Structure formats: structure tokens, C-alpha cells
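Enquirer: Given next are the chains, with one letter for each unit.
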Amino acid sequence: AQRVTQPEKLLSVFKGAPVELKCNYSYSGSPELFWYVQYSRQRLQLLLRHISRESIKGFTADLNKGETSFHLKKPFAQEEDSAMYYCALREGAQKLVFGQGTRLTINP
Amino acid sequence: NAGVTQTPKFQVLKTGQSMTLQCAQDMNHEYMSWYRQDPGMGLRLIHYSVGAGITDQGEVPNGYNVSRSTTEDFPLRLLSAAPSQTSVYFCASSSGGGSYEQYFGPGTRLTVT
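For the protein sequence lines, the chains are A and B, in the order given. Counting in the numbering used here, the first sequence runs from 1 upward without gaps. Counting in the numbering used here, the second sequence runs from 1 upward without gaps.
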């Protein structure tokens, strides 16, 4: 079965410090991975997807097939980055398997 | 466009009661799904539908029923509520094809006493 693991339930960093949210997956094929974010009192929304190789709000994520990882990184954290972050793996046509989530808190 | 809407926002049920969580989308999306969100467990797929008249089970389907009579609506029925079904429920939709972005509703917070 495909699985997504986010080892950190909580992550706290200071404003201006680098941020890395970890995501590991298990998948017997060519994976498609996503990061979703849920800001306070807002809906869960797509942050970025690995196939786009884009940077959104300063965040990037690189798929490392050798380490089966898709860590989310940002060089300089901002207070508005505080949110719940979910890593997700596409399973089948439209199904997503989500990780447990990491609550990121940026301290001023 | 309203996007994905869910009603009610909050609900308290007694054990054994039944109810239906409503979900609707106005984006003409073929794919719709229901998730539950529990602390430390992330989002888990309950049921999903790839089009009107077609539904299938996800990871945690027990205790829930769904139907998809129209493209727009995808209600989730709790047949006999149990305290273990206390959770936040999210409905999502996506257009299919090459886009795998799912659009989420605001959620329904359900408490079963």
C-alpha cells in the first residue's frame, strides 16, 4: 500500500530562519506528490506539486526518488507561513493519500 | 463561483442517530471525495466518486454511505453515529484529466456524544 509519512507533528522556527518540513513516501511506481496547506480559518489548498517544479510563496520541494522523499523547504521563514502542512501522494486516477500533517509555527 | 460548499458547519449528534452531511460544487468537476481529519492521523479518504452514478470506498468507509445522483452533489450519510465518528469532515472535488488539484470545502465539525 502507498504510504506518506510526515515524521514531525509540530515544528517551530524563528522568523527569518530556514524551514524544512519532511515527507517520505512508499510507492511502487512513478510517484506524483503534492504539498497542501491549511492556514488558520481557511480551507485546505494546494501549495505546490512536484511536476511543476515551481516555487510558491518562497517554498520549494524536490522529489528525491533515491531517498523516497519530498521535503518542503523555505530559506527564510515568515510569520504568515504558520499553518498546517500536508504532504500527499496521488494514488490512482484522482485519489490522494495524505500524510499525518505538520503544524508549523513561526515565532517572531 | 462558490466552489465547494458544505453544510452544516457544526453538528452534535447522539450515539445511534443518523444524519447526512451535504456537499455541492459548481465547477462541473467529475471527481468528488470525502475525507475525515483527525489529530495525528491526517486526512483519510472515506468514499469517492469519479462521476454521477459511480462511487467507491476509500480507506475508512465503515459506517458511512454515499451516492452521486448528480455531478454537483455528493452527500455523506452516517447511518448510526458512534463517538469514533467525531471528526472534521472535508469534501473535495477535482476536474480530472491532467489536473490532480483537489478543491476543498470549508469542513463540517461533527461531535457524537
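These are computed hints drawn from the structure, not numbers from a lab. Being a predicted model, the structure only gives us computed values, none of them experimental. Just to be clear, a hint being listed does not mean it is correct.
Chain A regions said to be covered by chain B (calculated; three or more residues, Cβ under 8 Å) [said to hold, decoys possible]:
#1 37-50
#2 96-102
Mimicking DSS-like on lysine-lysine, the simulated pairs with C-alpha atoms at most 30 Å apart in a straight line are [to be verified]:
#3 Lys22/A <-> Lys14/B
#4 Lys73/A <-> Lys57/A
#5 Lys57/A <-> Lys15/A
#6 Lys57/A <-> Lys95/A
#7 Lys9/A <-> Lys65/A
#8 Lys9/B <-> Lys95/A
Note that the Cβ used here is the ideal one computed from N, Cα and C, for glycine as well.
Enquirer: Each hint needs a verdict: does it hold in this structure or not?
Expert: Quick rundown of the hints versus the structure:
1. 37-50: It holds, with 5 qualifying residues against the three required.
2. 96-102: holds (count 6)
3. Lys22/A <-> Lys14/B: violated (39 Å)
4. Lys73/A <-> Lys57/A: holds (11 Å)
5. Lys57/A <-> Lys15/A: Holds: lysine 57/A and lysine 15/A sit about 15 Å apart, inside 30 Å.
6. Lys57/A <-> Lys95/A: Holds. Lysine 57/A to lysine 95/A sits at ~26 Å (cutoff 30 Å).
7. Lys9/A <-> Lys65/A: Cα-Cα ~23 Å, so holds.
8. Lys9/B <-> Lys95/A: holds (24 Å)
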